[in-house]
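Q: Residues per chain are reported as follows:
Protein chains: 2
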Amino acid sequence: MPAYADMTTEELAAKRDELMREYEAIKAKGLALNMARGKPSSAQLDLSMPMLASVTTYEDCLAEDGTDCRNYGVLDGIPEAKRLMASMLDDDADHVIVFGSSSLNIMYDTMARCWSFGTLGHTPWSKLDEVKWLCPCPGYDRHFGVTEAFGFTMIPVTMTPDGPDMDEVERLVANDASVKGIWCVPKYSNPGGVTYSDEVVRRLAAMPCAAEDFRIFWDNAYGIHHLYDAPEQQDQLLDIRAACDEAGNPDRCFKFASTSKVTFPGAGISAMAASAANIADVKARMNPQVIGHDKLNQLRHVRFLRDAKGLAAHMSKHAAILRPKFELVDAKLTEALTEVGGCSWSKPRGGYFVSFDAPAGCAKRIVALAKDAGVTMTGAGATWPYKNDPADSNIRIAPSLPPVEELEATLDVFTCCVKLAYIEKLLRE
Amino acid sequence: MPAYADMTTEELAAKRDELMREYEAIKAKGLALNMARGKPSSAQLDLSMPMLASVTTYEDCLAEDGTDCRNYGVLDGIPEAKRLMASMLDDDADHVIVFGSSSLNIMYDTMARCWSFGTLGHTPWSKLDEVKWLCPCPGYDRHFGVTEAFGFTMIPVTMTPDGPDMDEVERLVANDASVKGIWCVPKYSNPGGVTYSDEVVRRLAAMPCAAEDFRIFWDNAYGIHHLYDAPEQQDQLLDIRAACDEAGNPDRCFKFASTSKVTFPGAGISAMAASAANIADVKARMNPQVIGHDKLNQLRHVRFLRDAKGLAAHMSKHAAILRPKFELVDAKLTEALTEVGGCSWSKPRGGYFVSFDAPAGCAKRIVALAKDAGVTMTGAGATWPYKNDPADSNIRIAPSLPPVEELEATLDVFTCCVKLAYIEKLLRE
Numbered sequence: 001m002p003a004y005a006d007m008t009t010e011e012l013a014a015k016r017d018e019l020m021r022e023y024e025a026i027k028a029k030g031l032a033l034n035m036a037r038g039k040p041s042s043a044q045l046d047l048s049m050p051m052l053a054s055v056t057t058y059e060d061c062l063a064e065d066g067t068d069c070r071n072y073g074v075l076d077g078i079p080e081a082k083r084l085m086a087s088m089l090d091d092d093a094d095h096v097i098v099f100g101s102s103s104l105n106i107m108y109d110t111m112a113r114c115w116s117f118g119t120l121g122h123t124p125w126s127k128l129d130e131v132k133w134l135c136p137c138p139g140y141d142r143h144f145g146v147t148e149a150f151g152f153t154m155i156p157v158t159m160t161p162d163g164p165d166m167d168e169v170e171r172l173v174a175n176d177a178s179v180k181g182i183w184c185v186p187k188y189s190n191p192g193g194v195t196y197s198d199e200v201v202r203r204l205a206a207m208p209c210a211a212e213d214f215r216i217f218w219d220n221a222y223g224i225h226h227l228y229d230a231p232e233q234q235d236q237l238l239d240i241r242a243a244c245d246e247a248g249n250p251d252r253c254f255k256f257a258s259t260s261k262v263t264f265p266g267a268g269i270s271a272m273a274a275s276a277a278n279i280a281d282v283k284a285r286m287n288p289q290v291i292g293h294d295k296l297n298q299l300r301h302v303r304f305l306r307d308a309k310g311l312a313a314h315m316s317k318h319a320a321i322l323r324p325k326f327e328l329v330d331a332k333l334t335e336a337l338t339e340v341g342g343c344s345w346s347k348p349r350g351g352y353f354v355s356f357d358a359p360a361g362c363a364k365r366i367v368a369l370a371k372d373a374g375v376t377m378t379g380a381g382a383t384w385p386y387k388n389d390p391a392d393s394n395i396r397i398a399p400s401l402p403p404v405e406e407l408e409a410t411l412d413v414f415t416c417c418v419k420l421a422y423i424e425k426l427l428r429e
Numbered sequence: 001m002p003a004y005a006d007m008t009t010e011e012l013a014a015k016r017d018e019l020m021r022e023y024e025a026i027k028a029k030g031l032a033l034n035m036a037r038g039k040p041s042s043a044q045l046d047l048s049m050p051m052l053a054s055v056t057t058y059e060d061c062l063a064e065d066g067t068d069c070r071n072y073g074v075l076d077g078i079p080e081a082k083r084l085m086a087s088m089l090d091d092d093a094d095h096v097i098v099f100g101s102s103s104l105n106i107m108y109d110t111m112a113r114c115w116s117f118g119t120l121g122h123t124p125w126s127k128l129d130e131v132k133w134l135c136p137c138p139g140y141d142r143h144f145g146v147t148e149a150f151g152f153t154m155i156p157v158t159m160t161p162d163g164p165d166m167d168e169v170e171r172l173v174a175n176d177a178s179v180k181g182i183w184c185v186p187k188y189s190n191p192g193g194v195t196y197s198d199e200v201v202r203r204l205a206a207m208p209c210a211a212e213d214f215r216i217f218w219d220n221a222y223g224i225h226h227l228y229d230a231p232e233q234q235d236q237l238l239d240i241r242a243a244c245d246e247a248g249n250p251d252r253c254f255k256f257a258s259t260s261k262v263t264f265p266g267a268g269i270s271a272m273a274a275s276a277a278n279i280a281d282v283k284a285r286m287n288p289q290v291i292g293h294d295k296l297n298q299l300r301h302v303r304f305l306r307d308a309k310g311l312a313a314h315m316s317k318h319a320a321i322l323r324p325k326f327e328l329v330d331a332k333l334t335e336a337l338t339e340v341g342g343c344s345w346s347k348p349r350g351g352y353f354v355s356f357d358a359p360a361g362c363a364k365r366i367v368a369l370a371k372d373a374g375v376t377m378t379g380a381g382a383t384w385p386y387k388n389d390p391a392d393s394n395i396r397i398a399p400s401l402p403p404v405e406e407l408e409a410t411l412d413v414f415t416c417c418v419k420l421a422y423i424e425k426l427l428r429e
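Same order as they appear, the protein sequences are chains A and B.
Mapping to the working numbering: the first sequence position 152 is 152, numbers consecutive.
Mapping to the working numbering: the second sequence position 92 is 92, numbers consecutive.
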């Protein structure tokens with residue numbers, strides 16, 4: 001079979017009719033499938049059930065320093081929880097604050113603090129005429145939602161296989177003091193699965209910024225979320241805070257992580273790591289906001305996951321469940337779309353997503369077709385600020401939630417929709 | 001014995017020497033006692049231990065509508081948790097949002113939303129030259145900390161036995177549109193133990209305010225925290241939201257509560273109730289901040305406390321532990337200070353505090369003396385905005401944490417310090 005782009009109009013029309021029959025047959029099945037969000041599957045959640053029974057007696061409720069975790073206090077987290085989260089954040093416990101169950105909430109609050117009060121004595125961003133923010137694309141829709149909430153002007157930045165295009169980033173930050181920061185998912189990025197190269201990390205840390213209070217929001221959401229156990233099949237990420245220290249910009253980054261996709265989304269623990277000055281500033285600002293976060297849940301996590309080694313062993317069990325799904329996505333897309341041409345997709349070694357690039361102008365149509373056939377995808381455009389993908393090309397595939405058989409059915413619907421939308425486009429041109 | 005105020009200088013000097021010997025003897029004991037914060041005692045925390053084992057199996061993790069509470073989602077709380085918190089808030093579940101473990105955090109965030117984005121389309125308070133806030137005094141230091149963080153001008157308002165002095169409040173809000181709200185702990189207030197009268201509640205709801213976006217922050221922290229079981233010994237509070245509805249100001253109030261002093265401080269659940277318009281506004285603003293709060297902890301609370309009846313039965317157990325402590329405070333103060341004169345204190349029927357008024361100009365000295373003798377009290381002035389009690393008179397007594405024997409020892413130290421400070425003052429005059 002020739003690639004669609006090489007077909008004659010007649011061949012395309014015949015192919016379209018064939019695909020339309022296939023599509024109508026799928027629709028008739030009345031499916032209700034969902035590949036929209038990066039939610040762990042039920043089998044993954046089952047892995048952490050023993051954690052729920054790990055803190056039930058009085059003795060269980062005592063932290064290693066004797067603190068009764070059933071009572072008020074401890075603003076920044078109990079020592080053992082700091083250590084556990086430090087191992088996830090690739091940092092040391094002294095530079096860590098443990099928060100509640102949501103790292104999104106930490107990022108929002110960190111942004112809100114910079115906006116309301118300023119960071120380390122700098123002018124609050126709310127007092128400025130305009131704040132601009134760099135958004136490597138495709139990226140995470142909820143990140144863009146935070147910067148949109150505060151009215152920032154979001155500037156898309158091209159993602160390369162090594163991370164954000166640093167020539168572009170350096171140019172944007174060099175002379176414009178209203179550019180105050182950048183969103184980064186530096187490892188197994190959402191949705192591209194990209195891990196930033198050492199050079200990209202070093203350039204981010206060292207680049208001259210017109211804004212003295214330029215901040216890197218480093219959401220290391222998938223730092224330990226490998227799909228493969230062998231070290232040579234796992235991506236490695238240079239630590240941004242060490243790089244910032246080395247470059248003489250120690251306060252430039254805030255690092256974030258959570259156990260949402262380690263134990264239970266919405267019922268995990270989350271944490272931030274940053275320079276000593278940033279940590280002191282954040283703690284002073286947290287003081288009127290909260291007395292302390294849920295220490296019993298911190299204890300549950302420590303008792304169940306223990307340390308870096310325990311975390312790695314646990315994540316390996318997640319990988320065993322996720323790996324076949326990611327391999328199935330690649331196999332199904334390869335089988336259905338290689339000959340068709342015009343499409344590309346990521347083959348990540350970790351994280352929660354496959355980034356799919358359809359022929360330009362087709363993404364919205366594909367998602368609409370899928371929806372009509374009973375398959376909910378992440379909205380087309382969601383991976384761009386203001387939901388505006390200028391090429392209308394990128395679609396985020398989230399294979400984690402459905403069981404394998406369902407995922408297979410979902411991908412059959414998806415590839416049928418891709419082909420149909422592509423032919424429609426070619427026939428219009 | 002005559003009251004101190006009626007003694008001659010010689011009598012006072014002799015008494016001072018006697019008290020100083022008593023004080024030095026106390027100091028020599030090297031005590032380390034704490035009556036500073038409203039923390040539940042270990043015995044109270046023990047009451048909720050069964051809750052920790054109430055959600056351990058897969059079936060336990062399912063909400064009544066089938067939601068798997070181990071995964072992402074449900075921004076505003078699972079239905080059964082909304083109902084439970086509605087019963088605490090004296091409201092209906094449709095008007096409730098369930099949050100994380102801290103009601104202080106909800107209040108801070110609610111203030112931050114008004115400040116950053118405005119409420120219901122009104123101008124964000126951050127855009128105004130000045131925001132003023134009414135602070136009934138004595139009041140809760142952490143409330144004042146929130147309004148101070150946002151740079152509001154805090155205006156102390158006199159507390160009467162029926163609640164804030166409404167003539168004063170009505171005068172302050174009538175013509176000044178920069179007065180944007182008031183802090184209220186309307187039942188068993190912190191620290192005075194006052195429950196607002198029906199008339200005060202109705203006047204707060206109905207008073208004409210120059211600011212259209214005037215907001216009552218109604219922190220019903222002690223709504224079910226009675227010290228006595230007999231209904232005639234329990235205070236009753238008129239519902240502010242119903243009163244606001246009736247007065248034609250439905251959006252004027254935000255109500256807050258938590259289970260911090262029901263189950264575990266810092267590991268409980270918290271909630272807000274408000275008008276439908278306010279709830280919709282808050283939910284829209286929460287959307288970029290968080291995906292959902294800890295639903296497993298919501299389930300734990302529902303399974304353990306069940307409903308209003310279960311809550312009342314549980315609170316009665318707390319009361320049995322707290323009641324003797326409050327009665328001891330009153331007995332010890334009466335015994336030591338009635339003859340001395342010049343002092344007064346509250347005799348609350350619920351809540352966590354006794355409000356103590358020393359002779360003017362003595363509070364700081366009393367707390368300093370107590371500290372030197374090994375007893376930590378809430379800082380003098382803490383019950384006023386900017387920690388500035390103009391009379392230097394009010395001290396908050398928090399009897400909940402220490403066991404009864406320790407509390408007795410603590411009160412002996414305290415009353416000795418009160419007498420000493422009072423005599424020093426009289427000798428100066």
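Simulated from the structure, these hints should not be mistaken for laboratory data.
Mixed in with the good hints there might be a few duds.
Copies of the same chain look alike in the list, so a pair counts if it fits in one copy or across any two.
Stated by the list, open to error - Below, in silico cross-link-like pairs of lysine-lysine (DSS-like), each with a Cα-Cα straight-line distance of 27 Å or less:
(1) LYS283 <-> LYS387
(2) LYS283 <-> LYS309
(3) LYS283 <-> LYS127
(4) LYS347 <-> LYS371
(5) LYS27 <-> LYS132
(6) LYS387 <-> LYS15
(7) LYS29 <-> LYS317
(8) LYS317 <-> LYS364
(9) LYS387 <-> LYS425
(10) LYS127 <-> LYS15
(11) LYS309 <-> LYS27
(12) LYS132 <-> LYS332
Q: Are the CA atoms of LYS27 and LYS132 at most 27 Å apart within a copy, between copies, both, or neither?
A: neither (44 Å within a copy, 60 Å between copies)
Q: Using 27 Å as the alpha carbon limit, work out where LYS347 and LYS371 are close: within a copy, between copies, both or neither.
A: Within one copy only: 25 Å inside a chain, 64 Å across chains, cut-off 27 Å.
Q: Evaluate LYS283 and LYS387 at a C-alpha cut-off of 27 Å and name the case that applies: within, between, both or neither.
A: Between copies only: 21 Å across, 34 Å inside.
Q: Please sort LYS317 with LYS364 into within, between, both or neither, judging by C-alpha distance up to 27 Å.
A: neither (35 Å within a copy, 59 Å between copies)
Q: At most 27 Å between C-alpha atoms: does LYS387 with LYS15 qualify within a copy, between copies, both, or neither?
A: neither (32 Å within a copy, 78 Å between copies)
Q: With identical chains, the pair LYS387 and LYS425 could be close in the same copy or across copies; at 27 Å between alpha carbons, which is it: within, between, both, or neither?
A: within (21 Å within a copy, 69 Å between copies)
Q: Give the relationship of LYS132 and LYS332 under a CA distance limit of 27 Å: within one copy only, between copies only, both, or neither.
A: Neither. Shortest intra-copy (40 Å) and inter-copy (62 Å) distances fail the 27 Å Cα cut-off.
Q: For the identical chains here, do LYS309 and LYS27 meet the 27 Å Cα criterion within one copy, between copies, both, or neither?
A: For LYS309 and LYS27, neither the intra-copy (47 Å) nor the inter-copy (50 Å) Cα distance is at most 27 Å.
Q: Is it within a copy, between copies, both, or neither that the alpha carbon of LYS127 lies no farther than 27 Å from that of LYS15?
A: neither (58 Å within a copy, 60 Å between copies)
Q: Cα distance capped at 27 Å. Does LYS283 pair with LYS309 within a copy, between copies, both, or neither?
A: Neither. Shortest intra-copy (29 Å) and inter-copy (39 Å) distances fail the 27 Å Cα cut-off.
Q: From the Cα coordinates, with 27 Å as the cut-off, is the pair LYS283 and LYS127 best called within, between, both, or neither?
A: This pair counts as both: shortest intra-copy Cα distance 22 Å, inter-copy 26 Å.
Q: When Cα atoms must be at most 27 Å apart, do LYS29 and LYS317 count as within-copy, between-copy, both, or neither?
A: Intra 34 Å, inter 57 Å, cutoff 27 Å: neither.
Hints 2, 5, 6, 7, 8, 10, 11 and 12 from the earlier list are contradicted by this structure; the remaining hints agree with it.
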